[in-house]
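The lines below spell out each chain.
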Amino acid sequence: MYLTINGLHKNFETKNGTLIVLKDINMIIEEGEFICAVGASGSGKSTLLRQIAGLDSPTMGEVRIDGKLVTGPGPDRGMVFQHYTLYPWMNVQQNTEFGLKLQGVPKAERREKASYYLSVVGLAKFAQSLPKELSGGMKQRVAIARSLASEPQVLLMDEPFGALDVHTKESMHEFMLDLWQRTKITVFMITHDVEEAVFLSNRIYALGSRPGTVRKEMTIKLPERSHHVKRLSVFHDYRDELMALLRQHGQEALVAA
Amino acid sequence: MRAKSLNPTVFWRLAEDIPKPLNTTLVVTSIALPLLLWFLITAIGNIDPKFLPSPAKVLEAFGRLWSSGDLLKDTVASLWRVGVGFLLACLFSIPVGLLMGSFASIRALLEPLFGLIRYMPAPAFIPLLILYLGIGEEPKISLIFIGVFFFNSLMVMDTVKFVPKDLIEATYMLGGNRLQTLLQVIFPHVLPGILDACRINLAAAWQLVIVSELIAATEGLGRRISVAGRFLRTDEIFVGLIVIGVIGLGFDLLFQYLLRVSCKWASNKR
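Chains A and B, in that order, give the protein sequences.
Just so you know, our numbering puts 25 at position 25 of the first sequence, and the rest follows in order with no gaps.
Just so you know, our numbering puts 206 at position 206 of the second sequence, and the rest follows in order with no gaps.
Hints are computed from structural coordinates only; laboratory data are not their basis.
Mixed in with the good hints, there may be bad ones.
Chain B is nowhere near these chain A residues, computed Cβ spacing over 12 Å in every case [as the list claims (entries may be wrong)]:
{"#": "1", "residue": "GLY61"}
{"#": "2", "residue": "PRO88"}
{"#": "3", "residue": "GLY104"}
{"#": "4", "residue": "LEU130"}
{"#": "5", "residue": "GLU170"}
Below, computed lysine-lysine pairings styled on DSSO-like, alpha-carbon distance capped at 27 Å [to be verified]:
{"#": "6", "chain 1": "A", "residue 1": "LYS107", "chain 2": "A", "residue 2": "LYS125"}
{"#": "7", "chain 1": "A", "residue 1": "LYS132", "chain 2": "B", "residue 2": "LYS264"}
{"#": "8", "chain 1": "A", "residue 1": "LYS101", "chain 2": "B", "residue 2": "LYS161"}
{"#": "9", "chain 1": "A", "residue 1": "LYS216", "chain 2": "A", "residue 2": "LYS184"}
{"#": "10", "chain 1": "A", "residue 1": "LYS68", "chain 2": "A", "residue 2": "LYS132"}
{"#": "11", "chain 1": "B", "residue 1": "LYS50", "chain 2": "A", "residue 2": "LYS101"}
{"#": "12", "chain 1": "A", "residue 1": "LYS132", "chain 2": "B", "residue 2": "LYS57"}
{"#": "13", "chain 1": "A", "residue 1": "LYS221", "chain 2": "A", "residue 2": "LYS169"}
{"#": "14", "chain 1": "A", "residue 1": "LYS101", "chain 2": "A", "residue 2": "LYS113"}
{"#": "15", "chain 1": "B", "residue 1": "LYS20", "chain 2": "A", "residue 2": "LYS169"}
{"#": "16", "chain 1": "A", "residue 1": "LYS68", "chain 2": "A", "residue 2": "LYS125"}
{"#": "17", "chain 1": "B", "residue 1": "LYS20", "chain 2": "B", "residue 2": "LYS50"}
{"#": "18", "chain 1": "B", "residue 1": "LYS161", "chain 2": "B", "residue 2": "LYS264"}
{"#": "19", "chain 1": "B", "residue 1": "LYS264", "chain 2": "B", "residue 2": "LYS20"}
{"#": "20", "chain 1": "A", "residue 1": "LYS230", "chain 2": "A", "residue 2": "LYS184"}
{"#": "21", "chain 1": "A", "residue 1": "LYS101", "chain 2": "A", "residue 2": "LYS125"}
{"#": "22", "chain 1": "A", "residue 1": "LYS107", "chain 2": "B", "residue 2": "LYS264"}
{"#": "23", "chain 1": "A", "residue 1": "LYS184", "chain 2": "A", "residue 2": "LYS68"}
{"#": "24", "chain 1": "B", "residue 1": "LYS165", "chain 2": "A", "residue 2": "LYS101"}
{"#": "25", "chain 1": "A", "residue 1": "LYS125", "chain 2": "A", "residue 2": "LYS184"}
{"#": "26", "chain 1": "A", "residue 1": "LYS132", "chain 2": "B", "residue 2": "LYS73"}
{"#": "27", "chain 1": "A", "residue 1": "LYS216", "chain 2": "A", "residue 2": "LYS23"}
{"#": "28", "chain 1": "A", "residue 1": "LYS125", "chain 2": "B", "residue 2": "LYS20"}
{"#": "29", "chain 1": "A", "residue 1": "LYS15", "chain 2": "B", "residue 2": "LYS165"}
{"#": "30", "chain 1": "A", "residue 1": "LYS107", "chain 2": "A", "residue 2": "LYS132"}
{"#": "31", "chain 1": "B", "residue 1": "LYS165", "chain 2": "B", "residue 2": "LYS264"}
{"#": "32", "chain 1": "B", "residue 1": "LYS57", "chain 2": "B", "residue 2": "LYS73"}
{"#": "33", "chain 1": "A", "residue 1": "LYS169", "chain 2": "A", "residue 2": "LYS184"}
{"#": "34", "chain 1": "B", "residue 1": "LYS161", "chain 2": "A", "residue 2": "LYS15"}
{"#": "35", "chain 1": "A", "residue 1": "LYS184", "chain 2": "A", "residue 2": "LYS132"}
{"#": "36", "chain 1": "A", "residue 1": "LYS132", "chain 2": "B", "residue 2": "LYS50"}
From the derived model, a few chain A residues whose C-beta atoms are all more than 12 Å from chain B [unchecked claim]:
{"#": "37", "residue": "GLY74"}
{"#": "38", "residue": "PHE81"}
{"#": "39", "residue": "GLN82"}
{"#": "40", "residue": "GLU133"}
Keep in mind the model is a prediction, meaning the values are calculated, not measured.
Virtual Cβ for every residue (Gly too), placed ideally from N, Cα, C.
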């Protein structure tokens, strides 16, 4: 058990009383897994990720990483946001080094690490470029390199490809799979894109909406991880099942509201 | 039939750049046309030079004041007052504004007070300043300080609003503490905004120094204008006005240049 979420509840106090956003979430993620939490809007998936990141604290329950209780944000969890969060005044190299700089890593060491992870994401050539000179997909790759440079125990991704066009998204999917296989990093990603989740993850948590709960846990077994797989019936079965699940719960939520 | 479309106008295009030659022509016209009009009116019309001196007469007065050393002395005196008052105001207002923007607590503590004082015109403080500080340099510098500090603090505060929350949280996730986030993320992010706020408020400082010198001073460009007015030396009033304008414009251009050089990353945003 590497990343565990135990009995996590999250409420928000609003003008109209208490809003239950997450209700009794339990998850167990092993080292080296690629996990997607899939949910429609209102499933509290972003809120869930924020609890794991430590940017917000749960009303009840806990998040543990390698046994250690999460009490706040920190570089042991790399975070890739949906919106571009590169520092616009720093070039790609400086952006990638920045986490290490904040942590007080000596200059030579952080330069070396940053260069290594920039080459891992295939952007070594762009080390001196400013973020505004990069495409959306390249920006997210720098953000990934920046997170990896701190050598986190888990990479958290908040709909990281949501803002990208279809073609860039596809190439980022292949990039992610390749990266995952090479670095053996544990990935926890949230998305509303069902195909993305099936294609990338080895296990999926389907979240129901209002309040967000785990409705189903699915292990994904695909014969291979490449584009062709999207034409196989096994891929379609997973996708349809998830779609039906999300749709059904979406309607329930509407009725309840 | 011709498709209905936007006319291929160049001059009236909304939010578009114009060709460089046209731009240059218009910029030159902007200065040259009033000068030409001024020249023509004084040359053709029979106008009393005490009312409107010709450009040649103003140039002559400029030469006179320059060679006597008075103009330089006045300019230096005004520049010194603006320099000290404005730098002091920036020195305090930038950190204060940054804190107000970054911490809701500091904002709640200071914003009501600053918002109130901002609406008190700085020249209205002159009688008080004279009462408290006499008629030396102190009240003049204080006047500039009051006129710049509150505005600049609030404007710097506003720039912090535009730092994306994600950027701050990303910094926490990378292991940054609050002080590091403030100094290494928020400050560089708002630096272009700060420079711009200072540029705008420098114009206010420059106005206030002239106002302060109109009241009580032995030297300074404002003093020069007021003395010239008393003796009906209209040409010298014009010299004073033009010198004030040119120096102000020079400062403005200097700030714009600083902004371009120090914040290349932000250059496309404005």
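Against the structure, the hints come out as follows:
1. GLY61: Non-interface label on GLY61(A) holds, nearest chain B Cβ at 21 Å vs cutoff 12 Å.
2. PRO88: 5 Å, violated
3. GLY104: 9 Å, violated
4. LEU130: 6 Å, violated
5. GLU170: 25 Å, holds
6. LYS107(A) - LYS125(A): Answer holds: LYS107(A) to LYS125(A) is near 20 Å, not above 27 Å.
7. LYS132(A) - LYS264(B): 11 Å, holds
8. LYS101(A) - LYS161(B): Within the cut-off at roughly 25 Å; holds.
9. LYS216(A) - LYS184(A): 25 Å, holds
10. LYS68(A) - LYS132(A): 38 Å, violated
11. LYS50(B) - LYS101(A): 68 Å, violated
12. LYS132(A) - LYS57(B): The hint is violated at about 53 Å.
13. LYS221(A) - LYS169(A): Within the cut-off at roughly 22 Å; holds.
14. LYS101(A) - LYS113(A): Holds, at about 11 Å.
15. LYS20(B) - LYS169(A): Status violated; Cα separation ~40 Å.
16. LYS68(A) - LYS125(A): 38 Å, violated
17. LYS20(B) - LYS50(B): 41 Å, violated
18. LYS161(B) - LYS264(B): Holds, at about 21 Å.
19. LYS264(B) - LYS20(B): 22 Å, holds
20. LYS230(A) - LYS184(A): 23 Å, holds
21. LYS101(A) - LYS125(A): 22 Å, holds
22. LYS107(A) - LYS264(B): This hinted pair holds, its Cα atoms lying about 24 Å apart.
23. LYS184(A) - LYS68(A): 21 Å, holds
24. LYS165(B) - LYS101(A): The given pair, whose Cα atoms are some 21 Å apart, holds under the 27 Å limit.
25. LYS125(A) - LYS184(A): Holds - the C-alpha atoms of LYS184(A) and LYS125(A) are around 24 Å apart, at most 27 Å.
26. LYS132(A) - LYS73(B): Violated - the C-alpha atoms of LYS73(B) and LYS132(A) are around 48 Å apart, more than 27 Å.
27. LYS216(A) - LYS23(A): Holds: LYS216(A) and LYS23(A) sit about 14 Å apart, inside 27 Å.
28. LYS125(A) - LYS20(B): 35 Å, violated
29. LYS15(A) - LYS165(B): 23 Å, holds
30. LYS107(A) - LYS132(A): Measuring from Cα to Cα gives roughly 25 Å; hence the hint holds.
31. LYS165(B) - LYS264(B): Judged against 27 Å, a Cα distance of about 22 Å means the pair holds.
32. LYS57(B) - LYS73(B): 21 Å, holds
33. LYS169(A) - LYS184(A): 21 Å, holds
34. LYS161(B) - LYS15(A): With Cα atoms ~25 Å apart, LYS161(B) and LYS15(A) stay inside 27 Å; holds.
35. LYS184(A) - LYS132(A): The hint is violated at about 30 Å.
36. LYS132(A) - LYS50(B): 58 Å, violated
37. GLY74: 6 Å, violated
38. PHE81: 5 Å, violated
39. GLN82: 8 Å, violated
40. GLU133: Given that some Cβ of chain B is not farther than 12 Å from that of GLU133(A), nearest at about 10 Å, it is violated.
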